[in-house]
Each structure stands twice: as C-alpha cells, then as structure tokens.
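Residue numbers (my numbering), protein chains in the order written: chain A, 95 to 493; chain B, 473 to 952.
FYI, nobody ran anything at the bench for these hints, they're computed from the structure. Do not rely on the hints blindly, as some may be mistaken.
Just a few of them, taken from the derived set where beta-carbon distance is under 8 Å, the chain A residues facing chain B [to be verified]:
1) Gln189
2) Ile191
3) His192
4) Phe213
5) Ser230
6) Asp256
7) Ser257
8) Ala271
9) Phe279
10) Arg280
11) Asp301
12) Glu312
13) Asn420
14) His424
For every residue, glycine included, the Cβ atom is placed at its ideal position computed from N, Cα and C.
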Amino acid sequence: MNRRNFLRNTGFVAAGSLFVPAFMKPLEAMALDELSLYKNLVVVQLSGGNDGLNTVIPYGNDIYYQKRKSIAIKPEEIIKLNDMQGLNPNMAALQEIHDQGWMTIINDVGYPNPDRSHFRSMDIWQTGSDSNQFLSTGWIGRYLDSNCQTCKFPYTAIEVDDSLSLAMKGQTKKGIALKDPAALFRNTNDPFFKSMLQNDKEHLDEDNLGYLYKTMIETSSSASYIQNTSKIYQSKSTYPNSGFANQLKTVSKFISSGLKTRVYYVSLSGFDTHVNQIGQQGNLLKQYSEGMAAFLKDLKSNNKLDDTLVITFSEFGRRVEQNASNGTDHGTANNMFVFGGKLKKQGIFNAAPNLSDLDTGDLKYQLDFRQVYGTILDKWLDVNNADILNKKFNTLDFI
Amino acid sequence: MIAKDNFFKVKHLYNRAGFGISYTDLEKLSRKNLEKTVEHLIETSQKDDPIALVNDYESKRQLLAQAGLYSKKDLTDEEKKMRQQIVREQNEVSRDLNIAFVNKMINTDAPLREKMTLFWHGHFACRNNNPFFAQQLNNIQRANALGSFKTLLVEVSKAPAMLQYLNNQQNRKGKPNENFARELMELFTLGRGNYTEQDIKESARSFTGWMYDKDGSFIFRKNLHDDGTKTFFGKIGNFEGEHIIDIILEKPETAQFIAQKVYKFFVNDTPNDAHIKELATTFYNSKYNIAAMMKKMFTSDWFYDPENVGTKIKSPAEFLVGLSREFYVTYNKPQVLIQLQSSLGQYLFNPPNVAGWPGGQSWIDSSSLMLRMRIPSLVLNDGEIDFSGKADPEDEAVIALSRTATSNANANNKPKSYVNANADWPKFLETLPKGLTPLALTEFLLQPKLNTKITSMVSDNKGLRSTAVEITSMPEYQLC
C-alpha cells in the first residue's frame with residue numbers, strides 16, 4: 095500500500111483534522127445514507143459447546159429418550175414446532191418469535207473431520223478454516239479486508255465485549271471491541287491520549303509505528319462517531335436483567351440510532367455442561383431466549399427488523415448419548431438459529447438430526463457452516479463468498 | 473564517557489535478545505566491544521534453571537487416579553468428586569505454572585535462554601491441561617533453548633504434552649493418526665510445500681508406538697509400532713521416528729524454515745531473504761547448533777540497521793515482562809498477570825492453535841492497544857482496572873459449574889479490581905546516573921528514535937517518575 099492509499103483508507107485526510115466537527119461525518123458516510131438497503135448482521139456465539147439436542151429437541155425420535163435416560167426433556171414440556179422437533183421449555187420466549195415467522199432453525203451444521211477441542215473448534219468456526227488448516231484471520235475480518243463499498247469504516251464491525259475475537263480480525267483491518275461507548279469515548283478523550291494524536295502527521299507511515307497511530311486514530315474517530323450517533327437514542331423497550339441482554343440492548347441502540355456498522359458480535363458463555371446439565375443449560379437458554387426475544391421485538395418497533403439478520407452458533411454440539419454425570423460430552427454437528435424479519439424459509443429449515451446413523455456416537459453434519467457464512471456473505475453482505483472463504487461455498491435458501 | 477553508538481546497539485541487543493537492560497548494566501557493557509558483549513550475553517545464558525513448581529510425585533498420583541477414573545463407566549459420587557477435585561487442582565496449578573514462567577522471564581539472569589524459551593514456546597505450540605506435562609515441555613524447551621535443535625526436536629516429539637496434544641497416543645499400527653506427522657513437517661521443521669501427502673502418511677507410520685505410559689513417561693510400544701518398510705523422501709527403510717527426524721534435518725529447507733522464524737521473531741516482521749540465508753547456512757553447517765545461529769545474527773551488522781531497531785511490535789509477553797523487569801514490579805495478586813495476558817491476546821501455555829501466535833500487527837486492535845497504553849499507569853501507579861476480558865474456552869466447564877441458579881449471574885455489576893502491583897521506584901531510580909534528564913531517560917526507555925513531538929512532550933521540569941509513567945504509556949513504547 096502506498097502512502098496515498100494508506101491515508102485514504104483511514105477515512106480522513108490527516109490526523110490533524112481529527113477533532114474538527116466535519117470529521118464526525120465523513121464524506122463516505124453521507125454518500126452511504128443514500129444506499130437504502132443497509133443491512134445489519136448480528137453474530138451470537140454460545141461458548142462451550144451448546145447441547146443442540148436439548149435445545150431443539152427431537153422428541154419424535156425414540157432414540158433420543160433411550161440415549162438420554164436422565165436428562166431427556168419430557169414430551170409434554172416441549173414447545174413443539176413440528177411432529178419431530180420442539181424447543182426446550184426454557185425457551186418459551188421464542189415461541190412468539192417463531193410464530194411471527196422471524197426464526198429459522200438449521201439442523202446439523204458442522205464440518206468434515208470435526209475437532210472436539212473447544213479451542214480448536216472455536217478457531218475453525220471463527221476463521222472459517224478446514225479442520226486441518228490454520229488461519230490467522232477471522233471470516234468477518236476478511237470481509238473487512240475486502241474493502242467493499244459498505245465495509246470500509248473502522249466501525250464496520252463492532253464486538254460488544256472488552257476484547258476482540260479472532261473472527262473480527264483481518265489482515266489489514268479489524269473490528270472494534272467495546273462494551274460501553276461512553277467509556278471508550280472518555281478514554282480516547284483523555285488529555286494524554288489526545289496529546290499523542292494532535293498534530294501528528296509524521297507518523298502516518300506504513301510501518302508498525304504508523305500502524306499503531308492509525309489504530310489510535312481510528313479508535314478515537316470510531317469512539318466519537320459511535321458515541322455522538324448513539325447517545326441521544328433512548329430505547330423504549332424493556333430488557334431482562336442479564337449480561338447477555340445488556341449486550342443485545344447495546345447492539346439495538348447502535349442499530350436503531352442508525353450507526354453505519356454492518357456486523358455486530360456478542361457472546362454468551364458457560365455451555366460446557368458435562369455435569370448436571372439440566373439446570374445449567376436451562377438457565378442459559380432462558381437468558382438467551384428472553385434476551386433475544388426482547389431484542390427482536392425492540393428492533394421490530396424501530397422498523398429495523400427487516401434490515402437485521404441474527405445468527406447463533408456454538409463451536410460444537412454434544413454427543414447423542416448422555417454421560418454418567420447427568421451431562422453430555424463434546425460432540426460434533428449442531429443446530430444454528432437464524433432470526434430476522436425477511437426470512438425466506440421460516441421455522442425448521444432442514445431435516446431433523448438422524449439419530450440412528452451416527453459416526454461413533456456423534457451426529458453427521460448435513461450442512462457445512464461455511465455454507466451458512468457463504469449465504470450471508472453473498473446474499474446479505476453483498477460480497478462474493480469465495481473471496482472471503484478462500485473457496486466457493488454453495489448458498490442456502492434461508493434468506 | 474561512553475560511546476553513544478555502542479550504547480544504543482547494546483540497548484537494542486538486550487531488548488531483542490532479552491527483556492531489556494538496566495541503565496547500570498547498559499553503561500557497563502557499552503564500554504566493551506560489541507562482539508564481547510554478545511559473547512557475554514551467550515555466556516550468561518549458559519545456566520539452565522528449570523521450573524520446578526509442579527510436584528512430580530503428586531502429579532503421577534493424580535495421573536494414575538485419573539486414568540483409573542476415566543476407564544470406568546459408572547462413577548460413584550465419591551469418584552465423581554475426586555475427578556472434579558483433580559481437575560480443579562490441575563487448573564489451579566496450571567495458572568501457577570503460567571505465573572512461574574512469567575516471573576522467571578522477569579527475574580532471570582539468563583535473558584537469552586528465557587527469550588529463546590519464549591520463542592520455542594510459540595514454535596512448538598502446545599496446550600495441555602496437565603500442568604506436569606506442560607512444565608516438562610517448557611523445561612525441555614528451556615534446557616535445549618540454545619543447544620542442538622535435533623535434541624530439542626526429538627525431546628519435544630517424545631514429550632507426553634505433545635504426544636497427547638497432537639494425538640500420537642492414538643497413532644498405532646494399522647490405524648495411523650497423521651496429526652503429529654503433519655504438524656512436524658508443516659509447522660515444526662520444513663514448512664508448507666516442502667513435502668507430499670505421501671511423506672506424511674509414511675512418517676505417521678514411522679511414529680506409531682511413540683507413546684507415554686500411565687506414569688507420564690515416554691515409552692516406545694513395539695507391539696503397536698508398524699515395522700514395515702516405508703518410503704520417505706525417496707528413501708526406503710524400516711523407519712522409526714528418529715530416522716524420520718534425521719531425514720528431515722538433512723534437508724536444508726528445515727534450516728531455512730527455522731532461520732526465517734527466528735529472523736521474524738528477533739529481527740523484523742518482514743523477512744530479508746539474504747539475511748535469512750546467512751542464518752540458515754550457519755545453522756545447517758553447525759549441525760543445527762542454535763547458539764551458533766544466534767551469535768551469527770547478533771554479530772551481523774544488519775541486526776543493528778535502523779530498519780531493524782525500534783520497529784517491532786512487542787508481544788504481550790515481551791511488553792508485560794519488559795515493563796515489570798524494568799521497574800522491579802511485584803504483583804501482590806499475580807492472577808492479574810493471567811488476566812492481562814488473556815486480554816492482550818497472549819495467554820502463555822494456551823496458544824490459539826498448534827501454529828502458535830501469529831504475532832506482528834495481529835497483536836494490535838483498538839481494545840488491545842488502549843489497554844496496553846493504560847497498563848503502565850495501572851501497574852506503576854497501582855490503578856484500577858475495569859476490564860474483565862473473555863473466558864477462555866477451556867474454562868467453560870468451570871464456568872458452567874460455577875454458575876449460580878439466578879439468571880442475572882452474568883450481569884455486569886462485577887466489582888472493579890485493582891492490579892495491586894508495586895514498582896520499586898527507589899531501586900529503579902538508583903540504577904540511573906545522577907542528574908539524568910527526563911529527555912535522557914526517555915531516550916533510554918524507548919527503542920524508536922525520538923521525534924520532535926516526544927521531545928516537546930517531555931519537559932525538564934517533570935520528575936523522572938512521572939516521565940517514566942508517561943513514556944511507557946506511549947505508542948512508541950509498544951515497539952522494541
């Protein structure tokens with residue numbers, strides 16, 4: 095990249111103009127206002143390997159009850175979606191969402207030669223790699239790298255957290271992690287931080303020091319942009335009192351205040367339920383469902399639901415047979431949830447998991463998770479998925 | 473009067489080959505000629521002082537108990553409790569081990585050996601829940617850090633931590649598991665593109681039977697070893713693991729691959745082919761003597777070229793260790809070191825995958841940079857930290873267990889924590905020459921050349937202490 099390019103890609107003419115008001119609304123952003131089809135993607139990560147079979151329960155299959163003697167959910171408690179599958183009773187909040195047609199469940203999503211280590215499998219899901227391939231960039235990061243018309247701002251991708259996940263890191267561009275826009279704004283307006291940036295033209299170079307300054311400038315500009323755009327917005331909706339719901343509330347605030355961010359990333363952890371699963375997973379699914387339902391209804395009331403797509407994944411599902419501690423061990427394929435106001439196929443997308451055709455006790459995957467990513471990249475984010483995923487994946491018909 | 477030129481060279485040498493240098497030592501070494509200083513550096517790093525935190529006997533008892541529990545199908549409540557207890561103890565000791573490694577780097581008087589250990593820690597990247605195995609691998613990397621790469625490679629390959637991590641424990645005659653064989657060539661020696669899938673298959677067969685026993689010691693199980701004829705890189709024989717390693721080391725591509733990685737770690741993110749070639753040749757000709765290659769590097773003029781000085785982004789380990797070493801910091805709650813590593817993206821003993829940490833610019837994003845710039849004031853001025861960071865995926869089971877029944881367990885009303893560290897300011901100030909100006913201190917603490925902005929920010933009427941906090945909070949301090 096030459097110097098001119100570098101300056102252009104930062105989105106400003108020079109750092110010196112950083113604190114002048116014109117900077118708050120860069121030229122590109124104004125042009126973007128005219129793009130009517132502004133779509134958001136929200137990625138929800140359930141960390142620890144959520145037990146998909148006790149989430150979307152194949153109650154119509156006897157094998158489920160045979161393999162899960164002490165942790166199976168009784169048929170009468172299940173929120174039935176069709177003759178075969180239904181939701182865990184702790185997910186009651188999602189019934190209404192399902193009935194509105196805002197929800198799709200994709201069964202058996204996985205990848206060839208699955209890895210049962212949390213870390214490795216999470217790595218694979220976040221980078222979109224093959225199971226024997228090591229990528230140092232994430233799939234959303236590479237989307238940022240592609241520098242498409244709608245993804246060139248430093249605030250194109252926001253993770254509502256203290257630190258940034260690998261999924262959000264590209265080679266040249268990275269998303270931004272923040273839990274509290276006001277706190278980040280305060281930090282970047284700290285006199286010392288500001289003095290480091292002021293009148294600093296000599297550092298806008300391509301080397302590592304230039305990269306550090308570029309990151310500081312972008313952080314500072316993003317913090318101002320996010321804070322100034324979203325601070326006036328007041329949500330009228332009530333959210334449950336949980337950390338997860340708070341993350342979603344922040345995302346809703348950003349979306350509803352018209353932030354030109356395209357991708358949001360949030361996570362909920364604690365799903366590694368080897369022991370006494372029922373209560374633990376139940377609490378988490380309740381938090382998840384109640385938070386999600388509040389979020390989707392909030393978006394609906396702000397007319398943003400049609401422009402928003404939410405996906406939920408976990409690094410793997412769990413084995414079909416329960417273990418001796420009333421829990422489940424690491425498995426393979428898992429279901430994914432998709433939410434939005436413009437779903438092409440609503441309800442259950444594909445056949446329920448086949449519990450009689452297993453690979454040494456584990457579900458066989460029907461769909462590669464990169465087909466789901468590929469569909470979103472092609473049809474929602476308007477980029478060619480082969481450019482991001484390193485090979486072309488067939489798209490699916492859920493959007 | 474010391475030669476300014478030599479002063480900066482020695483400072484650069486100790487920042488890259490170690491974790492920085494005190495002003496007193498820097499003045500002393502600047503008076504010698506540079507080659508003597510490099511020899512001194514290697515000489516002082518001869519001593520191998522292993523980490524002896526994890527108790528051998530206790531770990532073996534746990535291993536045996538664990539093996540017994542895992543082979544049983546239905547556990548009694550008593551046995552379940554015992555298993556949980558072992559996992560809990562292991563997690564605790566694993567955290568202590570991490571802190572022991574960090575403290576070793578902070579306090580070492582063999583800086584090059586520890587820096588090389590950190591290098592091999594990333595090169596032979598491995599995760600293992602068993603702290604005894606993890607300590608053993610770390611000690612292998614330390615003991616051979618400057619010795620023969622062949623010995624290092626063989627010992628790493630036989631270490632239970634690696635045998636388990638790369639599934640060689642499951643690699644047996646008739647049912648080969650190729651994981652170890654593939655990473656051995658792709659990541660540890662030759663690099664991608666220098667071998668075929670057939671080479672992987674044949675070498676996997678050769679490593680069948682390389683296992684560890686219930687005690688956690690390496691064992692070659694002849695009955696699980698495939699002793700048939702293998703063809704590896706055109707050679708035919710009844711190869712066993714060590715033969716494969718010998719054949720791999722005969723290939724100059726291995727020396728080239730390691731030299732390139734060393735160059736990127738110690739010299740510059742951007743490889744310089746001519747310089748790497750020099751290192752690779754020295755390495756290969758010395759029969760893979762690591763110290764010989766390092767000496768060649770540190771005595772080459774190009775090592776001190778301006779483009780190689782103050783231009784590398786410190787890894788989180790280098791940043792935290794360097795800061796703590798410089799200011800003689802003690803951590804009253806050392807747990808915070810783990811939180812910081814994890815928030816900055818380099819949780820030692822927990823690499824993202826077997827390829828290790830990608831390094832360079834990937835260390836830096838908006839949140840990690842903001843945190844790095846705040847850490848000096850937190851550590852040196854005992855500030856408050858409102859940064860909770862993410863859970864490590866391996867800790868999920870613990871989180872799942874510790875979750876309370878209330879649904880707001882995750883609510884963000886966590887108490888704020890303090891870094892709770894003490895810098896030994898009197899000791900630090902004592903190492904500085906009398907009358908040192910804030911500007912001269914800045915020149916000492918920063919590796920990049922000072923520019924007009926920094927010189928104007930550092931004024932003479934500020935005390936040395938506040939100057940130091942300010943300087944270490946600058947983006948320039950992220951470079952070495």
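Hint check results:
1. Gln189: Hint violated; Gln189 (chain A) Cβ to chain B Cβ min 18 Å, cut 8 Å.
2. Ile191: Interface hint status for Ile191 (chain A): violated (18 Å vs cutoff 8 Å).
3. His192: violated (21 Å)
4. Phe213: The hint holds - Phe213 (chain A) has a Cβ within 8 Å of chain B, the shortest such distance being about 5 Å.
5. Ser230: Check passed: Cβ of Ser230 (chain A) comes within 4 Å of chain B, closer than 8 Å.
6. Asp256: holds (5 Å)
7. Ser257: This interface hint holds because 5 Å falls under the 8 Å limit.
8. Ala271: It holds, given that the least Cβ distance between Ala271 (chain A) and chain B is near 4 Å, below 8 Å.
9. Phe279: This hint is violated: Phe279 (chain A) lies away from chain B, its Cβ roughly 12 Å from the closest one there, beyond 8 Å.
10. Arg280: At about 11 Å, which exceeds the 8 Å cut-off, the nearest Cβ of chain B leaves the hint on Arg280 (chain A) violated.
11. Asp301: Status holds, d = 6 Å.
12. Glu312: holds (7 Å)
13. Asn420: violated (10 Å)
14. His424: For His424 (chain A), the interface hint is violated, since the closest Cβ of chain B sits about 10 Å away, which is over 8 Å.
Comparing the model with each numbered hint stated earlier shows that hints 1, 2, 3, 9, 10, 13 and 14 do not hold.
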